[in-house]
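Visitor: Residue numbers (the working numbering), protein chains in the order written: chain C, 1 to 429; chain H, 1 to 248; chain D, 1 to 327; chain R, 1 to 296.
Quick caveat, the hints were computed from the structure, so don't treat them as lab data.
Remember, predicted model here, so these are calculated numbers, not experimental data.
A hint or two may mislead.
[Unchecked claim] With a straight-line Cα cutoff of 30 Å, these simulated DSSO-like cross-link-like pairs (lysine-lysine) come out:
1. D:Lys318 to H:Lys117
2. H:Lys132 to D:Lys288
3. C:Lys219 to C:Lys234
4. H:Lys138 to D:Lys4
[Claimed, not checked] Just so you have them, the derived chain R footprint on chain D, three or more residues with Cβ under 8 Å:
5. 261 to 270
6. 289 to 295
Backbone N, C-alpha and C fix where the C-beta goes; we use that ideal spot for every residue, glycine too.
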Amino acid sequence: MKRARVLCVVIAMFFLTGLNYGCARQSGVGQQAADKIVIGAPLSLSGKYAKEGQMALWGAEAIRRWINEVNGGIELSGKKLPVEFKYYDDESKKESVQSLVERLITVDKVDFLISPYSSDLALASAPIADSHRKVMITHGAATDRVYQQGYKYITQVYTPGSRYQTGFLDMIKNKDPEAKKAAFIYEDDEFSRSVINGARAYANKQGFEVVFDKTYPSKPTDLSPLIQELKTTKPDLIIGGGHFADGQLLTEQLSSLEVNVKAVSINVAPAIPDYYKALGVKAEGIMCPGQWEMGVKYSPEAAGKAGLEWFGPSQEDFAGLFNAAANQKPSYHAAGAGACLLIYARAVEKAQSLDPDKIREELGKLKMMNFFGTWDIDETGKQTGHNMVVTQWQAGENIVVWPPEAAGAKLFYPLPSWAEKARGTLAKE
Amino acid sequence: MEFLSLENVSKNFGGLVAVDKLNLTVQAGESFGIVGPNGSGKTTLYNLISGVYRPDEGKIYLAGKEITNLPPHARARLGIARTFQIPRPFNSATVLENVAVGAMFGYAGAGVGDAFKIAGQYLELIGIDHKKDEKAMKLTPLEKRLVEIARALAMKPKLLLLDEVMAGMNPGDIDRLITLLKRIKDEENISVIAMVEHLMHAITKFAGRLMVMHRGKKLMEGGTIEVLNTQEVIDVYLGKKMVGITTC
Amino acid sequence: MSLKKYYEFLSLLVFYAVLFFLGLAIPGMWQPVSLIMFYVALGQCFNIFLGLTGYVDFGYVAFLAMGAYGMAIAVDLLHRQGLGVFIIFIGLVLAVLMSTLLSLAVGAVALRLRGAYFAIATIGVNEGFRYFIEGARLWGGSEGIIISGPLRQSLGPQTVNYLSTFVADVLVFLIAILAAFVTARIINGKMGYAMMALREDEDAAKVIGVNVTKYKIIAFVISASFAGLLGACAWTLKMTYVFPADVFLITYTIEAIAIVMLGGAGTLLGPAAGGLIYGILKYYLAIKLPGLQLLILAPLLIIIIVIFPEGVVGTIKKRGAWRPWNS
Amino acid sequence: MFDQLAGNLLFGIVLGAVYGLATMGLSLIFGVLKIVNVGHGQFIMIGAYTAFWMFTLYKISPLGSLFIAFIIGLAVGLIIFYTIIKRLTGAPELTTLLATFATGIFIEELAKFFWGPDYRGYNWDLGRVDLGFTLLSYSKIYALLLSIAIAFLIYLWFQKTKLGMAIRAVVEDRQGAMVCGIDVQKVYALSFALGIALTVTSGVLVTLFVPVGINPYMGHEYTLKAFVIAVLGGLFSPWGAFYAGFIFGLLENGSYTVLSSIPGVEPFSLTRTVTFLVLLLILLIKPDGLLGGKNK
């Protein structure tokens, strides 16, 4: 008996100590919350989204520096308030996400939230944010479904999944009307399906013929069964992928089974330098739908032409700030997360308030351009203004080739065959 | 009236025939002895009676009811209790609990409270109640065996199978144990089968009838003294000594 | 005697109560507390099988998944029927039903196997079932079921937020308490001794009349149906979605084992202690050292397990007389 | 159709060989120490990274990395054994499971801490042979042959050397071995180290099959598969595991051709269901696994 009692006491003590710590933090933050604007995010710094999470962290930090150092803060009722970016590691796990989001809201008293990466984690955090009436901009929760759930305060900075591959199809149709046979080979997960569902519908509308349409389960070790079957359908285009590892595997095995097609567009994986580092020349000419890419032409002038206001750093400045923190090139995950801060900053300056409802209303009205692209959301919070770009690996550079107004180089088409690549042919005139 | 009967029961493992067309009947309340050298199939026979093995052929009856294909726990419920040659108490439980479990799930089928009472009584009878709060793993092999006997008795069995229970005891203890077992058996009308490799004097004190097993077969059955004095048995035992040297 | 028997359970209640009110009293504490409670409840439910019978079920998470799907399917099908909050009860019932059915099927088949073979067979069930759902496009396939929308339409946003940010957590508390109570009942009763016997020596247990198969299946099914409840509340109701890739994650089983072993298998307080330690470490490390917490957590776990080889509670008890059933 | 089946079976065999080798370590450790190493996959990850770094930093071909990986594996294995596992001998079996779980996380996070969450890969293209029905790259052929060779070497080592026999003795009968004067602790240490070394080595071969997507969290999939294969092979026998690897590989790839003829389903996901169903069936028919179960 005694032992049991002792144990209970011990347990209680243990918990209480942890708790006092919690209180201390809370009061501390509480006092300061007036003279700065706190933006908080649970980021996946470990677990399956660690890569995206790390990129997002660096991106957000870069923009925070720009706002505080270049812009001198966010102007609210005549005062320039600095931005603080508060983040925790959610381990890519839904349990952690919820407790961390609540902590950000109640303990760290953040004014605005940036969602964790991926649709499932965003969905997990949604009820908490919504019940505390906190605005949350998602980056990475690209599935349209997230915005069909009727959450008032959740808005999106990315182009929805359904429009990921449409640009690629437009580009091919415009470049080579003869290329009609499209093959879909993609990861069987929530995000990739939303991408391919969009692509399939659009392809049919645009008169493409879908000759192959199969998925592979997550974390595959060998795709050869699928690829061999795909090869027999002799497609012109291959659209597919899912995340980083499988995207690389897909490319590697397309090459080792010598599936030669005119164009390949893979989701996500080719967007980061890792891809080319890992595959070398095999990556040449592979295309990727990107939310953003270095070299994409979003500038004050472009904004002027489009009749939109411009806010934030030029992409060169962003890349500079990013490089200072990460000493590498930013991916669109970084840019997207950074853009969230810019949009909040602008919305606050225009609404001259921190009240969630005012800000949400302002986000709805706001139509602006920044280095990441255009911001314009519909009433459900879904992004309609932002456009995807299509990038292509040309001689070791991931260059924007579509849309024309954003393009940094001409599309290299058709792809060199795998044999040619092995001999060192690059996808560049 | 005959309580346990086996009708030409056989069991073989691969090629080796452990028990070979064995017939055996034990009367209610009788105390019966089985002797036989190492590897003569005694333990297999016990496993067949207690249901650890199913016989390849033949039938087993308990109180006229066929139990050939009943699982061990069902047979225990019908009143069969056994000890193991190497005692197997529940190590991380206390002595008292070990015995109580027997009372709960054996023929006795007692509730938790009663089970502990019964357990207490038998520990006293066996004379290790001073250890009742020790954990079984802390006991000496001898004590473990006593606990096992107590556990078996606490099941309030109708048929008790004792496997080498007296090995390694000093004569004094053996006598005490035998008198005790005899008393309990008479009070509760239990048929007891005791099997030994040697310790003939013990078995003579205990068993009225005796069966000698050799190579899975019944070599001889009858009154204890007569059987032990026949030439064949003596031969077997001389043989056994040699076997004993070669094996192990 | 009988109250004394339940001393541990009562102290456990006190501990839950403390946790509960701390969660309510301090802003920002509720979700952390519910995170801890999820792990505690997970431990309590799993302990009924793992702790009491000594069998390891690597596929345990499949039962949580069944529960999660049960709730999701109920909501998905019935949210238009205007059943109001009653829909949640139907969900819970369906959750228990599905997890129990699966456990009966698995138990009947797999419980014939012993030790590691059983453990791995259950992995087979878990993975096989997951990829069947994805491959056959069952229940939305890999896209799973999102219930926040449907729920918000039928019950209104406020109610749903309340459900998933408070009620779900309270239900998790109740599950933990119920599971602990059942555990206490079992180990105080005849069944507890039967399970002790089969855990210690299955053959010896048989010959003293313990129907080991029966008791194994009982423990398995009880444990599984609790898992179903937990999955329905802590996942579907709280997270408002079910994706197969996420609910069949074997990591949860291993975490459950870790928690039970951390506290001490087969003891009543063990899972609570284990869940508390695991949860608190996870949460506060995640706050203090974002990105490094697992790097710190892992060695800490190892140190704890080296100091307390039989779990914190288990080892402490072992140093005294070991009587999970009446201390 | 037929070409595809042939191709799938071929790749199934190659993959199976790698799986098999990747599982031998697990079986060995389980057979000798009765420890289920839930951190198994993380050691494969170490092997993959070894191959990657050796290739990118020092231009050492994966073939060379095999030995380096083996040495690293031995070292890591010994360190883990003497710092953690040794202290837990005598504790309940599951305790070690928790320990290996934590160790796995630790290794993963160390890898992330030092090498980052990036997805690495190397490009060691040796060209490929055209078999008519499909193309097989030389690196995959290497993977196949090397797995078989290494498995065979280990087999010889167990048969011929004193230590090997000692280990086998311990697997057969612990007490007996002790009586015969075998230093069981030493055997434990050795088997654990050897098991880990084998696993790390197989990590290199994994990259011969899949030279990309190398990242700190790549191990989990292999852990699960290894468990299943180990059981198919009868848990206590590394060779059993090696053969079972082939069966697993063949099932995983071979069943695709059949399943892809079913309309309205995703055949690739179902191949995994089939594999696990077969596991269940086998366990029901032979509860001690397909091969080598007799050691039990």
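Visitor: Compare the structure with each hint and give your call.
Guide: Hint check results:
A hinted pair counts as satisfied when its Cα atoms are at most 30 Å apart, and D:Lys318 with H:Lys117 qualifies at roughly 25 Å. Note on H:Lys132 and D:Lys288: the hinted pairing is violated, with a Cα-Cα distance of about 51 Å set against a maximum of 30 Å. Between C:Lys219 and C:Lys234 the CA atoms are separated by roughly 26 Å; this keeps the pair inside 30 Å, and the hint holds. For the hint pairing H:Lys138 with D:Lys4, the CA-to-CA distance comes to about 27 Å; that is within 30 Å, so the pair holds.
Given a C-beta distance limit of less than 8 Å, the hint that chain R covers the segment 261 to 270 of chain D holds, as 3 residues qualify and 3 suffice. Counting residues of the segment 289 to 295 of chain D whose C-beta sits closer than 8 Å to any C-beta of chain R gives 3, which meets the bar of three, so the coverage hint holds.
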